[in-house]
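Novice: Here's the letter readout for the chains.
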Amino acid sequence: MAEERVGVYICHCGHNIAGTVDVEAVAEWAADLPNVEVSRHYEFMCSSLGQELVEEDIKTLGLTRVVVAACSPHMHERTFRGACERAGLNPYLFEMANIREHASWVHAVDKEGATEKAKALVSAAVHRVVHHTPLETMKVPVEPTTMVVGGGIAGIQAALELADAGYKVIMVEREPSIGGHMAQLDKTFPTLDCSACILTPKMFDVGAHPNITMLTYSEVEAVEGYVGNFVVTVRQKARKVITDKCTGCGTCWEKCPIRVVDDVYEAGLGYRKAIYRPFPQAVPKYPVIDVESCTYYKTGKCRACQMFCPTEAIDFDQQDEVVDYKVGNVILATGYEQFDARRIPEYGYGRLANVFTSLEFERMVNATGPTGGKIMLRDGVTEPESVAIIHCVGSRDRRYNQYCSAVCCMYSLKFAHLVKERTGAEVYNFYMDIRTPAKGYEEFYHRLLEEGVRFVRGRVAKVTDAARGPGEEGKLIIQCEDTLIGKQRRIPVDMVVLSAGMEPRHDAEEIGHLFGISCSVDGFFIERHPKLDPMATMTDGIYVAGVCQGPKDIPATVAQGAGAAARVLGVISQGEVALEPIRAEIDEEHCSGCRICNTMCPYSAIDYIEELQVSRVNPALCKGCGTCVAACPSQVITGAHYSYDQVMAQIDGILIDVNRPVTAEAEVAAD
Amino acid sequence: MSDNGDFKPVIVGFLCNWCSYRAADLAGTSRMGYPSTLRDIRIMCSGRMDPAWVLHALRNGADGVLVVGCHPGECHYVEGNYKAIRRMNLLKRTLRQLGIEDERVQLHWASASEGVQFAEIVQNMTAQIKALGPLNWKQRNVDDSVNLAVAAGEHVHEGA
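Those protein sequence lines, which keep their order, are chains A and B. The numbering used here numbers the first residue of the first sequence as 1 and each following residue consecutively. The numbering used here numbers the first residue of the second sequence as 1 and each following residue consecutively.
Just so you know, these hints were derived from the structure itself, not from any lab. Where a beta carbon is used, it is the ideal one built from N, C-alpha and C, also for glycine. Any given hint could turn out to be false.
[To be verified] One side of the interface only, derived from the structure: several residues of chain B facing chain A at Cβ under 7 angstroms:
no., residue
1, Ile43
2, Gly47
3, His56
4, Asn60
5, Val78
6, Gly80
7, Arg140
[What the hints assert, rightly or not] Now the in silico label distances, taken between C-beta atoms and shown as ranges:
no., chain 1, residue 1, chain 2, residue 2, range
8, A, Ala25, B, Asn136, 53 to 61 angstroms
9, B, Glu120, A, His15, 24 to 32 angstroms
10, B, Asn136, A, Glu611, 52 to 60 angstroms
11, A, His15, B, Gly133, 42 to 50 angstroms
[Said to hold, decoys possible] Chain B is faced by these chain A residues, among others (derived, beta-carbon under 10 angstroms):
no., residue
12, Cys246
13, Cys249
14, Asp652
The following block holds chain B by itself, in its conformation from the complex (with noise of 0.2 angstroms):
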């Protein structure tokens, strides 16, 4: 795989508030440098990611989406992080018939004490993604009809 010269990724973050969020903050507190790649949301629960966010910040730009939630077994809403998984896998699955790498999509987990493994992560998904190049949403072989069909179902959202 090539480095993609000088192409710096976008990926957008969703951290949950308990555990990875803050896992992140005290990256920021200890001075842990990561690329700055990540623009991150904070959500409470990694069990809130809601597919349809990842697919919407995928075709509006983002190279790449990171869902951070806690350890398992320690998620502070009990097994949010569980439901985290099982829907992950689901859009993975998605994702794959799209022709979307694996890499662009990842779920990882961080404890309010692991900045330096935030770091890491934010650092290794960035050379990952810096390898695949852009996503190019539009251009990829994804056709219109696959957009319509994600578009439609960002519009039931919508219209509820």
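Chain A extracted, bound-state conformation (with noise of 0.2 angstroms):
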């Protein structure tokens, strides 16, 4: 250890650090440090000529362990580790310092403090690294199999790509058929096609595509395993129909007698039956018996599905099948769920009988929707004349959601089109700002104006039908400030559709932790970085894509889609991926036998070994969290890259400039 050659470089990250830290004084100070060969400080240590300095010391000083303090490790660990490799250097002899997120971003006011800290955390990194040892990662390969769990648009979009390139898909979609929110949708802006025309298709090819294996009417239980190893078990909740007899002729929801309120696929605005198929292009196309409406689980009688069906596909007794499937990639595309509109009792929503929301409404201009496509008021015969439009409803808005839905001004300017188009009724927009960034979208803002829509801008205060005056009578009254001409206005209006924003799942957590990712501080699952891979989550293996990571409009969930499955095909090409060598070894000539590492482990990685009475770690397992090292009462279990010595040198060096040891005679009784 005394031997090691340690060279330490401290970047400047052009202002980011330097601004801040006084780099070269922690770069002089760090020259002082024991084992330090050489200490630089440079512009910016990422850059090829920062790693190329690096890998020229490596060769030329012989150093045989580096230090870099920089930003995160979770930015650029592995980008020094490379340069570390490409020198010739076992890439675990390295060490990063964060001196960017944990000391110059934080302590930006604390100049002196936040060189001072800067000189702790070096110190702790030269102090730790002398303890390193070399790792070797351990490659497995990869099942080329993919999970996607989600089948909406992108969903849908990732599920083609991978099995057009060859590969298998397992797709897993919790309503009895794929297709997602965009199903229900009538147009799509800003062209105006029709959602159900572009997206069925692809909706067939899925259904039918060799290399896709479709789970509907299912739902994912658990998840074990690793990248490029996954074992994910499935729940595939019983339809009560043979799907291998059945033809999807509809005589059996032609006769069932039981109507439900459908509040999935209509939004509430319609009607489906106990035995339904969600909506008439379905994939697949069989239906499923809603058991909680169902007249025969209640009362054993009835049967008339099963009367009538032509080909006995009815099993009223078909139990739910829990299958395990290898995979090894995982894409998230759960997507979202609408803002429910009742949080905000000022704007009547399920009170007031004619303010509607932005999906019903979708449904209702649907010409396959509980309507046929007209619009009209809650009395199912009324047409409007006078329509309000309410933007940002439970967006932008700190009492529920402070994110922007993103496409809640487009959908509202195409609702505003087809009222205008179906109607003639007088629309009016009220919105806070109007957000239109992308391809043809600023330009159909602006046909919306030239089409006589009416835009009042300011925040809602509410809706109300209590009437003021004559002209207010049997109508909602939207009273807001009109902020262009600072007046506080009152717009009576026969219609109020609520544009509802987008929530992340209310289970979205709860799917987060099974597949081991996070969700942010609004909900939606948080991506590996921001910017440069928002497909990509923290746990190597499981991709996000749609809105399930943050509210987006088709084109961008699309691209997501698409851009989820590039990144798998990455992996899935390579073979092999390589896991990191962060792992538990039980000493076995020390070990006790105790068993109580048996019993702490998360995984069951540990293995008790009858004829020699000792545990053993299998490294496959293992995902080093190191819980069993902290256990064992024997201190005979390493957790390799964290070990109790690489720690207490760490703890040792970022006290340096306040180590007071304890009296001398203690240290000497000790040692």
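Starting from two chains that each stand alone, build the complex the way the hints lay out.
Specialist: Below you can see the structure in the form of structure tokens.
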């Protein structure tokens, strides 16, 4: 250990670090730390010149250890490990000190403190790195099958990309049909092409593709393993319909006497039967029995569907099936839920009949929807003469969600156009800002301005049916400040559409936990990097696509779906992945066989070897958390790269300027 | 409690790789200021936190030790943070017997998105320890036999 030759490199990161931390002073100070051979500072260590500096010093000065003090190891640890490797040094003989995220950026007002802390962190790394040992990554083969969770447009795109490239895909969808929210929409902005016309061919392709196994009406229950080798347990809920026999003829739901409000596909605006297919173009075509509503499951009687089924496909006793699938990578494309407009009582949704949500309106204008595409009030007959569209419902509102839902402006404009086109009614858009930042969007907005749609800038205070004058009777009155003329206004209308925002799935956090990824404060899945790696997550082998990662429109969702598939293809085509060698190892010579570690391990990676009376770690299952290392009463488990000695040395180093050892006698006695 | 004038505490932090270290990264990326009292060490999981490390930090000049893990139920390694809770409880019981104030050793949770919360944790702990004053382990009423025991505990590791 005494002969180690450590190279220390302090990065300026332009002004990011050097603007706060006195990098020259840190580099000069570090030169006197034990074992330090060379200490330099450089403007951008991650640049190729910075990396070459390290490589050159390893070769010419014979460095045996490298410390780079720069940004977070989550940003550039791989970069510098690569530099070490290229120069012939084992990449694990490198240590990074985070003096940007953990020093310069958080102590900008305390330059002296930031410099002092940077010194402590560099010293910690120098003290630690001499205890590092060379480690070899373990290469494991990648299972080429990919699981796509969620059958909306994001999942569909990802699945088709992978399947067309020749690899197997397992698609898991919670609902009885794939299609997601896009299947509910009528027109898509800004081109106004029919949503179903562009979506259903893709749905059909998924259903018919020889490389895609579609598991609809199914949910993931458990996930085990690691990148390249996941085992995902899926529960396929009982449809109560034998799909091998069913032809999708529709006799069953025609004969079913039970009508149920369809809260999913029809957004509560229409009905379905107790045995149903969500919509005519559903893929797969098979219906499901909703056991909650079906008379047979309540009274044991009825059986109308069974009696009339021409192919005897109804099986009331069918049970859920739970199957394990081995997959190499997972793409999560679980989508979103619409903000529940009931949460804003002043807008009256759920209380005032003619206040609709945007999804209800979407179904209303759809030719296959409950009104056959006719825009009418809740009574089902009256056509509105005036319609108010309220933007930013549940979005850009600190009480609910601070973020912008990204699509509401455009679909509100689309609604305005459809109302104008189909009814000629007066349309008011109540907006805070109009956001149309994509190809053809701003042009669409201008088209709407020319179509005579009215725009009122200001957040609506309330929607009420309490009339104050004759013009307001029987109407819904929009109370709002028009910020452009600086006046309070009351505008009576017949119908109100609330442009409700997008929210994460109610169980997004649970799903994230299942797959080992996290959600951000607003509840959407966190990507590996917000700009440069928006498809990957911090857990290798788990990717995200679509609105589950954050609000976005259809083009962006499709792009991200395809992007996630490209990332997965990269892993598959390499054939194998390198696993971090951060694992526990038991010194069997000194193991007392107490078996405490056996029960500690969350992955059951420690086996007890009966004949030797010792415990042994299975390296393929160990994930390197170190819980067993901390628990072993004999201290004979070593956690690679986070060993007892390494962290003890790191503590000594981090306290170098304040280190006040206990009495000399105690030190001597202990040694 | 006094504010102890210019005393600037030194806090050694143990942050788990998956949640709290990223929370600290996020605090940085979002430029959320907090006192430069924290000197952090990355460990894979709060369940890896060895009580001997905490003692080692305290007897070598730290005025406090902060351990931060993923929220209960969100541990990247299923349940490492629950083990951290148990170890922390035992450790604190020992520390109490040595007369070490509870505030000096703290266990908190921060998810990867909780940069603000992370900064608050450091701010609060700094204020608490500043009020307590320096730890001064060797001048404390911790006699040599305790030091011996602590050192001997560490010695077991070194011998292993």
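Novice: For every hint, state whether the structure bears it out.
Specialist: How the hints compare with the structure:
no. : hint                                     : result
1   : Ile43                                    : 6 angstroms, holds
2   : Gly47                                    : 4 angstroms, holds
3   : His56                                    : 5 angstroms, holds
4   : Asn60                                    : 5 angstroms, holds
5   : Val78                                    : 4 angstroms, holds
6   : Gly80                                    : 5 angstroms, holds
7   : Arg140                                   : 10 angstroms, violated
8   : A/Ala25 to B/Asn136: 53 to 61 angstroms  : 28 angstroms, violated
9   : B/Glu120 to A/His15: 24 to 32 angstroms  : 27 angstroms, holds
10  : B/Asn136 to A/Glu611: 52 to 60 angstroms : 53 angstroms, holds
11  : A/His15 to B/Gly133: 42 to 50 angstroms  : 37 angstroms, violated
12  : Cys246                                   : 41 angstroms, violated
13  : Cys249                                   : 47 angstroms, violated
14  : Asp652                                   : 7 angstroms, holds
Going down the numbered hints, you'll see the structure goes against 7, 8, 11, 12, 13, while the others check out.
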